[in-house]
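Visitor: This is what each chain is made of:
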Amino acid sequence: MSIWTKPASSKFTSFVSVVAMLAFLPLFLLAVYKSVQLISRAAGTAANIIIDAGAVLEPINTDFYHAFAQGGEESTDMLAPVASQIKALSPDYIRIDHVFDHYDVVSGSGGSISFNFSKLDGVIDTILSTGAKPVIALSYMPSSIAKDGIIINPPNNWDDWARVIEETIRHYSGTKNIANIFYEVWNEPDLAQFGSWKMGGDKNYLTLYHYASIGASRVSGVNRFFLGGPATTGLYRNWMTGIAGSGNRIDFFSWHTYLADPRRYMQDQQNFITWMTPYPSLVIKPTLITEYGFTGDKSTLYGTTYAAAHAAAIIRQLISGGPMYIFSFEPVDGPNQESGSGWGLITHPANGKKPKPRYYVYNFIDQMKGNRLQVTGEGTWVTGFASQNNDIRRLLLINFDKSGSHTENVPVAFINLIPGTYNWRERVLFGRDAVFEETANNGEIKRDVYMSAQTIAIIEISKKQ
Amino acid sequence: MRKTLAFIVVGITALILIPIIMVSVKHQQDVRSRAAPATTLTLLPAQLQKNAGDTFTLDIHIDTGTNDVTLAKIDLIFDATALEALSITNGPLAPRIYSPGTVSPGNAGISIGAESELKPISGSGTIAVIRLKVIGTSATPVSLQFSSATVVSGLSETINVLTGTTPAILTIAGGQSQGTTLTPTPTLTPQPTSGLTSTPTISPTPTSTQSGTLVTGLTQEPLPQSGSIETTLLLIGIASFFIISGLAISL
Numbered sequence: 001m002s003i004w005t006k007p008a009s010s011k012f013t014s015f016v017s018v019v020a021m022l023a024f025l026p027l028f029l030l031a032v033y034k035s036v037q038l039i040s041r042a043a044g045t046a047a048n049i050i051i052d053a054g055a056v057l058e059p060i061n062t063d064f065y066h067a068f069a070q071g072g073e074e075s076t077d078m079l080a081p082v083a084s085q086i087k088a089l090s091p092d093y094i095r096i097d098h099v100f101d102h103y104d105v106v107s108g109s110g111g112s113i114s115f116n117f118s119k120l121d122g123v124i125d126t127i128l129s130t131g132a133k134p135v136i137a138l139s140y141m142p143s144s145i146a147k148d149g150i151i152i153n154p155p156n157n158w159d160d161w162a163r164v165i166e167e168t169i170r171h172y173s174g175t176k177n178i179a180n181i182f183y184e185v186w187n188e189p190d191l192a193q194f195g196s197w198k199m200g201g202d203k204n205y206l207t208l209y210h211y212a213s214i215g216a217s218r219v220s221g222v223n224r225f226f227l228g229g230p231a232t233t234g235l236y237r238n239w240m241t242g243i244a245g246s247g248n249r250i251d252f253f254s255w256h257t258y259l260a261d262p263r264r265y266m267q268d269q270q271n272f273i274t275w276m277t278p279y280p281s282l283v284i285k286p287t288l289i290t291e292y293g294f295t296g297d298k299s300t301l302y303g304t305t306y307a308a309a310h311a312a313a314i315i316r317q318l319i320s321g322g323p324m325y326i327f328s329f330e331p332v333d334g335p336n337q338e339s340g341s342g343w344g345l346i347t348h349p350a351n352g353k354k355p356k357p358r359y360y361v362y363n364f365i366d367q368m369k370g371n372r373l374q375v376t377g378e379g380t381w382v383t384g385f386a387s388q389n390n391d392i393r394r395l396l397l398i399n400f401d402k403s404g405s406h407t408e409n410v411p412v413a414f415i416n417l418i419p420g421t422y423n424w425r426e427r428v429l430f431g432r433d434a435v436f437e438e439t440a441n442n443g444e445i446k447r448d449v450y451m452s453a454q455t456i457a458i459i460e461i462s463k464k465q
Numbered sequence: 001m002r003k004t005l006a007f008i009v010v011g012i013t014a015l016i017l018i019p020i021i022m023v024s025v026k027h028q029q030d031v032r033s034r035a036a037p038a039t040t041l042t043l044l045p046a047q048l049q050k051n052a053g054d055t056f057t058l059d060i061h062i063d064t065g066t067n068d069v070t071l072a073k074i075d076l077i078f079d080a081t082a083l084e085a086l087s088i089t090n091g092p093l094a095p096r097i098y099s100p101g102t103v104s105p106g107n108a109g110i111s112i113g114a115e116s117e118l119k120p121i122s123g124s125g126t127i128a129v130i131r132l133k134v135i136g137t138s139a140t141p142v143s144l145q146f147s148s149a150t151v152v153s154g155l156s157e158t159i160n161v162l163t164g165t166t167p168a169i170l171t172i173a174g175g176q177s178q179g180t181t182l183t184p185t186p187t188l189t190p191q192p193t194s195g196l197t198s199t200p201t202i203s204p205t206p207t208s209t210q211s212g213t214l215v216t217g218l219t220q221e222p223l224p225q226s227g228s229i230e231t232t233l234l235l236i237g238i239a240s241f242f243i244i245s246g247l248a249i250s251l
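Chains as they are written, first to last, in our numbering: chain A, 1 to 465; chain B, 1 to 251.
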């Protein structure tokens, strides 16, 4: 009888059972965990929106989301072909990176270092033509001064890096006479692709920043400019407190956020305030989210109303007490993204320069100008904020489901109104535009508003004369 | 001639040096006078009487004393059965909101502050306004007060510059029992006995190189909860069941 047909002993059977149980246990636990996750995701809180017309708060800032960050998928002026479409978004700032490796700015090193800004000037001029000011991510290391010629490495001589920063700032804030430029030290320094810089060690970001600030300190007699960073892939406490405690000049703090959960964006702001409270002169420095989106990966969802609703949900979370600017990534797709997975607001010129749904969100939300009104009753998926401008009260309502296609019938009530008859207008981005007449009984008007998946709507009420 | 020349040189030197010395001494005096927490927060009006169903506002009043305040993190607590916070927003003396106002049962908070370090909050005035509604009755006066999470940051200071707070006392008409009277009592904020390490440096330009020294003694907010205790226990329970069952079957 062979070993395969011989009856097993009870001890052997027990041993095999235990081993099999231990081997499959992790998989079983994972299956249960995922099931619990799915079940809990299905549960959430429906919204019951109440707008208090008597609770008038601070003026709403509709500028902070008119900022865009262009990636460097091509080493040419990617913005030029779509400049007019970008101009229509009334940008305040446009950010670019790869300034020292795409545009042949720096050649030589040490005593023979020289500068030619002509190619980069073209990109900056395109930015200015849209009405925006530039945010220049000082990146990456010019190959002529970098260790082993690798652009994500430190320089051979840190004084060369300081000199590059000095000449760049002198050129754009001085010679080109541009005021209020933000100079951001590096881009995503913590990412392996951009060098895996750390808060210490051989590739110490604080050293990179320090010599950049030395370069900045040598520039005088130019327009006001701002130096800051660290433009990390997320908000990290040790990076922020590291820079804060370094003693270097810092005019702003910056980071990127690629998260689908809108509430994390405000949580990050609050965390920043908490961490910076012991630094009284730095806690009130401007903050910039210099790139944001729902994912850092390419995704076809960037071409759908999912991306539009996500952007609107982020703007809602940051409408009060948010950063000075948040930069949507990115104005235009890179090449070869006909599958629709590009990050752009607009498709690549070779793909027709077509605006995607997210393109239309910013100007739509501009209608909310005015003083903020208190809103309560937001839900898990449906959120919003309200404003009053003269005699018109508006509610921006967003239905964003980061995981699925949730729909909801949302009760909306305006309270503390002057009694009378009101026009109630519902405008859905890419959808209906309907007007109803309502009477404020006991100072209240109430209607149910149907929000289909990933939608943005403005509810507007005005008293009839 | 020589004497005259000497007098002229001494006179010119004195004309140059005296203003320099005076400015330097004044700067040191200013620095010394700012080197101590001196800010107070008060709810105004400090005493008031309302009826059930009334809506009213309270001003959060600051007196910065000798401090130049950059940020105030306000956290108010009150009896959730008697009062409901409807909204909280910034006041005229605090032009910027750094963290939006939040209201919840028994709590309201907001972080507000100066426009920039070049224009800090100095003097006295209203930095925030809270709107409340009386939703219940109370036999004893109800107090609204600043919690220990309230922090005020001041330029050139390395510790919480808040030295005291004064709550508001609300009497709800109809619920007040005779003879019970409360007067708002200022609460002193405990100051750490050590922690002042950095040399105050005031720089009026954006090229400030003030070293940020991490400070002890400031209230740290609790970290947010991560994970779910219930889910973890459920998974452990299910796993244990299957392990024991499997062993029992195999044995």
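A hint or two may mislead.
In silico DSS-like pairs for lysine-lysine, Cα to Cα no more than 30 Å straight-line [claimed, not checked]:
1) 353/A / 87/A
2) 87/A / 369/A
3) 119/B / 446/A
4) 463/A / 133/B
5) 353/A / 298/A
6) 369/A / 133/B
7) 298/A / 119/A
8) 119/A / 147/A
9) 133/A / 119/A
10) 133/A / 119/B
11) 369/A / 119/B
12) 133/A / 298/A
13) 402/A / 446/A
14) 369/A / 354/A
15) 353/A / 402/A
If you are wondering where the hints come from, they were derived from the structure by calculation, not from laboratory data.
Visitor: Evaluate each hint against the coordinates.
Guide: Now for the hints, and whether the structure bears them out:
no. : hint          : result
1   : 353/A / 87/A  : holds, 14 Å
2   : 87/A / 369/A  : holds, 20 Å
3   : 119/B / 446/A : violated, 44 Å
4   : 463/A / 133/B : holds, 26 Å
5   : 353/A / 298/A : holds, 18 Å
6   : 369/A / 133/B : holds, 28 Å
7   : 298/A / 119/A : holds, 28 Å
8   : 119/A / 147/A : holds, 24 Å
9   : 133/A / 119/A : holds, 17 Å
10  : 133/A / 119/B : holds, 25 Å
11  : 369/A / 119/B : holds, 26 Å
12  : 133/A / 298/A : holds, 27 Å
13  : 402/A / 446/A : holds, 28 Å
14  : 369/A / 354/A : holds, 28 Å
15  : 353/A / 402/A : holds, 27 Å
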